[in-house]
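*Asks:* Each chain is listed here by its residues.
There are 2 protein chains.
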Amino acid sequence: MTPANSAASASRAPAVQDVADAELQKHRNMANALRALAMDAVQQAKSGHPGLPMGAADIATVLFTQFLKFDATAPDWPDRDRFVLSAGHGSMLLYGLLHLLGYEDITIDEIKRFRQLGSRTAGHPEYGAAAGIETTTGPLGQGLANAVGMAMAERHLAATFGKDAVDHYTYVLAGDGCLMEGISQEAIALAGHLKLSKLIVLFDDNGISIDGPVDLADSTDQLKRFEASGWHVTRVDGHDPSAIAAAIAAAREAPEPALIACRTVIGYGAPNKQGTAGVHGAPLGAEEIAAARGALGWSEDAFDIPCEVRDAWRIAGIRGCKKRKAWEGRIAALDPETRAEFDRRMRGDLPARLDQAFAAYKMALAKEAPALATRASSQNALDVINEVLPETIGGSADLTGSNNTRSRDMAAITPDDFSGRFVHYGVREHGMAAAMNGLALHGGIIPYGGTFLVFSDYCRPSIRLSALMHQRVIYVMTHDSIGLGEDGPTHQPVEHLASLRAMPNLMVMRPADAMETAECWEAALRTGDRPSLLALTRQKVPAVRREFSADNLCMRGAYDLAVPERESDVVIFATGSEVEIALEAKAKLDAAGHPARVVSVPCFELFDEQSPDYQASVLGTEPVRVAIEAAVSMGWERFIGTDGIFIGMHGFGASAPAADLYRHFGITTDAVVTAALARFTEGGA
Amino acid sequence: MTPANSAASASRAPAVQDVADAELQKHRNMANALRALAMDAVQQAKSGHPGLPMGAADIATVLFTQFLKFDATAPDWPDRDRFVLSAGHGSMLLYGLLHLLGYEDITIDEIKRFRQLGSRTAGHPEYGAAAGIETTTGPLGQGLANAVGMAMAERHLAATFGKDAVDHYTYVLAGDGCLMEGISQEAIALAGHLKLSKLIVLFDDNGISIDGPVDLADSTDQLKRFEASGWHVTRVDGHDPSAIAAAIAAAREAPEPALIACRTVIGYGAPNKQGTAGVHGAPLGAEEIAAARGALGWSEDAFDIPCEVRDAWRIAGIRGCKKRKAWEGRIAALDPETRAEFDRRMRGDLPARLDQAFAAYKMALAKEAPALATRASSQNALDVINEVLPETIGGSADLTGSNNTRSRDMAAITPDDFSGRFVHYGVREHGMAAAMNGLALHGGIIPYGGTFLVFSDYCRPSIRLSALMHQRVIYVMTHDSIGLGEDGPTHQPVEHLASLRAMPNLMVMRPADAMETAECWEAALRTGDRPSLLALTRQKVPAVRREFSADNLCMRGAYDLAVPERESDVVIFATGSEVEIALEAKAKLDAAGHPARVVSVPCFELFDEQSPDYQASVLGTEPVRVAIEAAVSMGWERFIGTDGIFIGMHGFGASAPAADLYRHFGITTDAVVTAALARFTEGGA
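Note that the protein sequences, when read in sequence, are chains A and B.
Counting in the numbering used here, the first sequence runs from 1 upward without gaps.
Counting in the numbering used here, the second sequence runs from 1 upward without gaps.
Derived by calculation from the structure, the hints in this document are not laboratory data.
Any given hint could turn out to be false.
If several chains are the same, the list does not tell them apart, and a pair holds so long as it fits within one copy or across any two.
Claimed, not checked - DSSO-like cross-link-like pairs, simulated, lysine-lysine; straight-line CA separation at most 27 Å:
hint, residue 1, residue 2
1, Lys-69, Lys-26
2, Lys-26, Lys-323
3, Lys-588, Lys-26
4, Lys-325, Lys-588
5, Lys-195, Lys-224
6, Lys-163, Lys-323
7, Lys-540, Lys-26
8, Lys-588, Lys-163
9, Lys-224, Lys-69
10, Lys-325, Lys-112
11, Lys-163, Lys-322
12, Lys-224, Lys-46
13, Lys-540, Lys-46
Chain A on its own, in the form it takes in the complex:
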């Protein structure tokens, strides 16, 4: 079968015959423009993935010219439909679309600089690099799960502000790889359960993966699988524009989320390589590109687009302009208070009343000095926060009572009522984290969600994307050490604090008591451009901060918690539940004639951002330097040097009551005191 025949055979289906010839030719030219740009850009970059853009060009053309609600001149229009290219390696499809539709950020020069340093057209779509890129994709399955969050955001905001303000669809283009990743199941099951009827997944069902035919590794009946989770499902010829259009139209009406499996030929149009793994992720080569141009009837030079095709795409690009203006009219007609609130939330600004709420809460804490697990303190903080911040949506991966993420009076979101603000994510940490990215990306919402710290491993790829995309997503990770006790080493994080601190752009915070927990929450909320992770105890800890401070001391990352009257010759750094041990050790060391200073270190990342003078003052020059954290030592050299005393974990934990474990692993006041005093008798100090 030659490519020309192949293209023709797709057009022989009866449904296509019904479309006026001119319309069909126009469609083909528009789709071929996407194919040509993808071939040319990948060839010029000498790397990239032509297979998906060429195979899915028909699907994308139908979606963007007939259904997707957007305005290329106003890419940030809050009520636009969202389009997520979950199969992010097909980035040239998205760049081609954005360029042809007239999005300013993606000029033809950017297309020509595909995958080059400083371009907006990175190998995989990067959120923030150009308007029109709704999320960063590439790690497979993430986009699909982000889209679930976006669709949830739409339903919630529509329930909050009304359909006049928020009423849009979320579309996803996903490939076999996305559907093989486990995260896809979590996303599919959650979307099906919540009946996210305005989520429509277009499955680029080309039967090819990197290793070869998908059936080397998979025999899943995807339609049946989605149906098992309550989805509307259908299958179409992915090169038949009228069939695709009919399927999308039906999907929009379905009361469930919809899967449209579009049978496509990967690399459609490349006569010798289409339909094979060879076209997936490498340039076609000059010869094959020439052959493809012939097969597709595309005579333009590289990167050139015929005027009428360019015009057709530009017209499609402003197709949504009237709808946008009508929407602006509706927003303008809202009562001023609602409108101001809608605008504030979409901007991501915090309300002024949050300041007073935190101040009042911190004053109360200073007075009460409660001894509580920091997870309980976190719930108390949330009682305050959620009262004044209507944009928070909380949740838990089936550990609601353990993570303490459901604040007072917080109603659950249900399939029938999205006005609630708490999500039962199920035992789906990965899907939860990726959905939270989608909630944040959508705008108007600050998502937070809980699981056990050890299970941060289950959602690490999505935490990384929160960080890479600079999204304000707040991870509430409880049971943060051996202090969780009997559940044992499978549930006891030891390496997780270090491994998360290693991740760029993530604030890892481990507060020591109720006051610090409040301050860490405040820091997380006030940091609009990156994610935070709160590591919280299962077990009770005493109040170590008993005085009110208008300043948020935790936002300094590390600070003097207790300074002796005499000059100190020991400094003890500690976090979370181990700050109590540090204070007890200080008392004993003071009494032993070696005054100790205690520094609480709720957040390494924030400390690294302080002025050098401040950092030097906190680090100090005490000859004996101790760090206490019930976790591995990696990263603590920053505070105690390479010859400091580290009291913590040196391997996995064990199953026993928490107090037994602290003793067993030698994380005790006596261990600190003994080690510190030994330095003086050894003459090491």
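Fit chain B to the supplied structure of chain A, relying on the hints for placement.
*Replies:* This is chain B only, laid out in the frame that chain A set:
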């Protein structure tokens, strides 16, 4: 409904009526023994999960007394059926079974010391703590995916050694949580694709999760979902022993893997708490336990078992003795060479000829000094290894050609032919890693599998379990830095080396050239009691080790690669692709009058295990200390102190050709030389 009624109603089903009354009563007593032990142990520990053991006691009783092939007096019998408690929080079910069946490790004292320090009865089952625990579970979904690997191992070993030697089933008990985790989909799809007909999953379908009814978060039709992946599926009353038995019998005959959804009442027998989330993960309390004893007709004291019930269980425990002896007879009848090879492989010993193979290969490398990407060198090493080590099973998560894990002449395992040694795992990193744990745990196999290093995040929970279980699983992680180039920050690991080095008991190795890659493979294979991870380049690197050394220098973790003739005042530590930069910098520094020593650091963990003298000699005392690694600095203080020069990454990468990225991020020879020389002019040295 009182619990007594509930128990009665389960027995009213017609199928149960057919069972002779005495047999039924015996079954009930045996199941109630499991329930009682679970209630009592959790109560005594003041923590734990009584809900699953009580709910699934009938299922377990049927399986262990009628189907499971094992011999409690020979728990390591290689051809035993495997039983995996994927819902590991129900550990008391397993401990109760092992105790009652007569496994020596689980005495009644161990049951009484449930969840206490040093007991064999940890909160979640821990592999190695007691015979009969086939894998460590607790993190949900892992056991199910381990079992897929075990079932693969069975099929492969049966294809290799014949059914006389290997012919057993693998059973799994999984809960709702296991099935909600994304990893379950990867496992289910892989098992269905491979038609693992001897894998049987018993789904404890109790409709309850921690937050409450499962339908708070999930509406999945699990039977349909499994069917979509080609499984045999059925549903039974999980308290009806004859129905359970009939379903298992049918599942054993089915040509596909089988799911048996067993409708159960969580906490069955606890009159006021059964069927609710309250019974899932907390002691019942003395009052409810007393009520349950009444409802179940169980009059024994805590931890007491009636003699006839104990006898019945003990008889069940040695039910498999004859089968074991018959198997031993068949093994004894094998030709001596086959038998020796079978024994060697089940012991996990390496063949002597591996030494010569490595020596010859290293000699050839010294002669050729090839410039190759280390991923290509890894493939070359595998050509050597797989030739002499028939027990390796390789694979890749759909990146076979990129990870270079398929060696010469390595046939793929297919649903119809398991004699091959390469697995197309599909885009399922997590499922792959967990299946590899299962392959290793089964015995007779050394599994290795590949993906991109950045996607180690997708399988991190399983890597952690490899480490926790001391399993020889080898992770081949290619594309290990910004050196992968244009795919951009979503695909470029920067924090992964540090985050993996933070994990206890995992050897993270980053070889610098073909010789080091060979040595790292040798180290990974020779280390029988923990997993290894090889971080390998996409891009070509020169040979930096050009002389043959009979010693495996990489097994020292770090070693002098280049020592100047004059005394050095600079030391440069580097790994992998950055060793080349270190050597170039050394040449320039030598020429500039500041002789430099270069240390290659293929493995932090192995270096930490060297003698203090050796460590001191490698660390040296040069005043100017530099580390080069295209990753974040965390962990390098060990080598360069807190004021050393670190040349590497300080945030996420970017999309561009590799050479541009190295320049852009300042990881260059000139940057090293400039920074080092500045220390001398600044007087910092």
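*Asks:* Run every hint past the structure and note whether it holds.
*Replies:* Comparing the hints with the structure gives:
no. : hint              : result
1   : Lys-69 / Lys-26   : within (20 Å within a copy, 67 Å between copies)
2   : Lys-26 / Lys-323  : within (24 Å within a copy, 72 Å between copies)
3   : Lys-588 / Lys-26  : neither (83 Å within a copy, 62 Å between copies)
4   : Lys-325 / Lys-588 : neither (70 Å within a copy, 65 Å between copies)
5   : Lys-195 / Lys-224 : both (17 Å within a copy, 18 Å between copies)
6   : Lys-163 / Lys-323 : within (14 Å within a copy, 69 Å between copies)
7   : Lys-540 / Lys-26  : neither (68 Å within a copy, 46 Å between copies)
8   : Lys-588 / Lys-163 : neither (64 Å within a copy, 68 Å between copies)
9   : Lys-224 / Lys-69  : neither (30 Å within a copy, 35 Å between copies)
10  : Lys-325 / Lys-112 : neither (34 Å within a copy, 72 Å between copies)
11  : Lys-163 / Lys-322 : within (17 Å within a copy, 72 Å between copies)
12  : Lys-224 / Lys-46  : neither (39 Å within a copy, 44 Å between copies)
13  : Lys-540 / Lys-46  : between (58 Å within a copy, 17 Å between copies)
Of the numbered hints given earlier, the model fails hints 3, 4, 7, 8, 9, 10, 12; all others are met.
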